Amino acid sequence: MTDSTATAPAPAAAPALRVRRTNPTRSVIKHIVMIAVSLVMIYPLLWMIVSSLRPNDEIFRNPSLLPLSFDVSNYVDGWNALAQPFSHYLINSTLLVLGCVIGNLVACSLTAYAFARLRFWGRNIAFAIMLMTLMLPIHVVIVPQYIMFSQTGWVNTLVPLVLPKFLATDAFFVFLMVQFIRGIPRELDEAARIDGCGHFRIFFQVILPLMLPALATTTIFTFMWMWNDFFGSLIYLTTPENFTVPLALQSFLDSQGTSNWGAMFAMSILSLVPLFLVFLVGQRFLVKGFATTGIK
Amino acid sequence: MSAVGELASLAKRRSAGGPKEKHPDNRAGLAFMAPWLIGLLVITILPMIASFVLSFTDYSLIAPPEFTGLDNYKEMIGDTRLHKSLAVTFIYVLVGTPLQLIVALLLAVLLNQGMKGLSFYRSVFYLPSLLGGSVAISILWRQMFGAGGLVNQLLEAIGFTNLPGWVSNPDTALGTIILLHVWTFGSPMIIFLAGLRQIPQMYYEAAGVDGASKLHQFFHITIPLLTPIIFFNVVLQVINAFQSFTQAFVVSGGTGGPSDSTLFYTLYLYQKGFTQFDMGYASAMAWLLLAIVAIFTAINFFVSKFWVFYDD
Chain A
1 MTDSTATAPA PAAAPALRVR RTNPTRSVIK HIVMIAVSLV MIYPLLWMIV
51 SSLRPNDEIF RNPSLLPLSF DVSNYVDGWN ALAQPFSHYL INSTLLVLGC
101 VIGNLVACSL TAYAFARLRF WGRNIAFAIM LMTLMLPIHV VIVPQYIMFS
151 QTGWVNTLVP LVLPKFLATD AFFVFLMVQF IRGIPRELDE AARIDGCGHF
201 RIFFQVILPL MLPALATTTI FTFMWMWNDF FGSLIYLTTP ENFTVPLALQ
251 SFLDSQGTSN WGAMFAMSIL SLVPLFLVFL VGQRFLVKGF ATTGIK
Chain B
1 MSAVGELASL AKRRSAGGPK EKHPDNRAGL AFMAPWLIGL LVITILPMIA
51 SFVLSFTDYS LIAPPEFTGL DNYKEMIGDT RLHKSLAVTF IYVLVGTPLQ
101 LIVALLLAVL LNQGMKGLSF YRSVFYLPSL LGGSVAISIL WRQMFGAGGL
151 VNQLLEAIGF TNLPGWVSNP DTALGTIILL HVWTFGSPMI IFLAGLRQIP
201 QMYYEAAGVD GASKLHQFFH ITIPLLTPII FFNVVLQVIN AFQSFTQAFV
251 VSGGTGGPSD STLFYTLYLY QKGFTQFDMG YASAMAWLLL AIVAIFTAIN
301 FFVSKFWVFY DD
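Chains as they are written, first to last, in the UniProt record's numbering: chain A, 1 to 296; chain B, 1 to 312.
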């Protein structure tokens, strides 16, 4: 670092009438800081990937990324380490995520349309209540919900996790879609109404096609959150054949203790791959969704 | 506008008593709102009432609930594990949230200075906050901060000896989970970045002409104009932090150990409700959590009058 400051020209000290020009020294320092932070952030992840491809005993001996090895035995091991092959849990998680995505898309968009476009009695109060549920800890409702679902016989199925999504309980997405619909020019609705469209046709044929970015953001967030869902799954899914990926990983850790890190790393990496792919594909929607509503 | 801002302005509009609204869409409204209304009733309001009622009972799922008055709440006063879990959670919220937000703000400000590779850095910083809630990362954390884990290997490589297992030491276990929280600073950072973009460039130009230093500009332009976003982040991160569960559960193997040093409030609630099936006590705990979160949010809103600056 001292090297680069020595060779770079001294910073110009003319505050007034300064032409905005990037100062090379500061730029280099900034990049060094950024790269250092990036490395600290990413190193554990990279190391986990590299270690998952190493023999088990090396995980406790080699903190560096090199030498790379490509031993896939951890993956074979981990895949078959639990009562079911790991694919079983991947399928369960996929079903859960799929159900929740569909539920959120359908229910939240209907609700959002009503909030954004319809004038009905009690709308403002309903909207305020919706915003407040956004901040409600799930713990206040989880016990009675559990009792309710155990009486309907749905405990140990995906229903308690998926059904609420079809009832627009994820207020975050309702809010996100309301914000989005408010940005769509009302003239489009008016034109459709003059052509004789009712609200359902306006919703399906005018609004819905225009809110694809909001739907994409909802899909991505729902995917990420439900793929990682732990608290709800832990409570509702009780037998191993119904476990989702997070529960499978947790029971792996429970059963093999800390003796088989390699295989555990391998399955952990595998569980992160879908998240990573969604992140790559949907990055711009994610960033936008964040910026407009700003809730994790 | 953010959810928090929206709620505030809605309250204002009601008290101002605007013109009478007409409701031409009552029937369509009911049709479109039906799923949400059913959900609000069946998934939220009725369970909330039920959990409030249950909090005054002794209920273990097997026998019908037995009314015990304030017993659960009295028991809480003498429950030392509960007190411990409150302490753990408060430390986590009061240390973890500010640390995470400060890191997020600093990096957002650095990134906002029009540097090359912005989108690359933004992705790298954001990625951990996507993965941070997963069991996989908690497993990694448990290895990294274990006795022979990655962190100790690296420290040994630069000459440290006799290193403890960070997750198995009651003095440091909570710290590792706070660190995991700070590691996921990416999501508030992105909100800060969006906020920084909104600050008009002319303020900086004017200050530059007047000879204000960069540091001066940061404290007198950037920070004041960013206070609504900071406020928004504080409110939400505090609410989220109170409900953290996965990391503590996985790192401690569901026990909250060693010696309850990572016994998060929600983890204790889970143990009470879903391993000991003491549903009445768990409900009372849930209501205490709601009260705490509500009080913290109210304090945040109240204190915001003194430091949040609205430009418009």
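Worth double-checking, as some hints may not be accurate.
Computed cross-link-like contacts, DSSO-like style, restricted to lysine-lysine with a CA-CA straight-line distance of at most 27 Å [said to hold, decoys possible]:
#1 B/K84 <-> B/K74
#2 A/K30 <-> B/K116
#3 B/K116 <-> B/K214
#4 B/K214 <-> A/K30
Just so you know, these hints were derived from the structure itself, not from any lab.
Model, not experiment: these values are computed from the prediction.
Starting from A/K30, check that the Cα of B/K116 is at most 27 Å away, please. 10 Å, holds
Pairwise hint evaluation, B/K74 against B/K84, where the allowed Cα distance is 27 Å at most: Roughly 16 Å separates the two Cα atoms, so the pair holds.
Straight-line alpha-carbon gap B/K214 to A/K30, limit 27 Å: Status holds; Cα separation ~15 Å.
Within 27 Å, alpha carbon to alpha carbon, are B/K116 and B/K214? Distance of about 20 Å is within 27 Å: holds.
No hint from the list above goes unmet by this structure.
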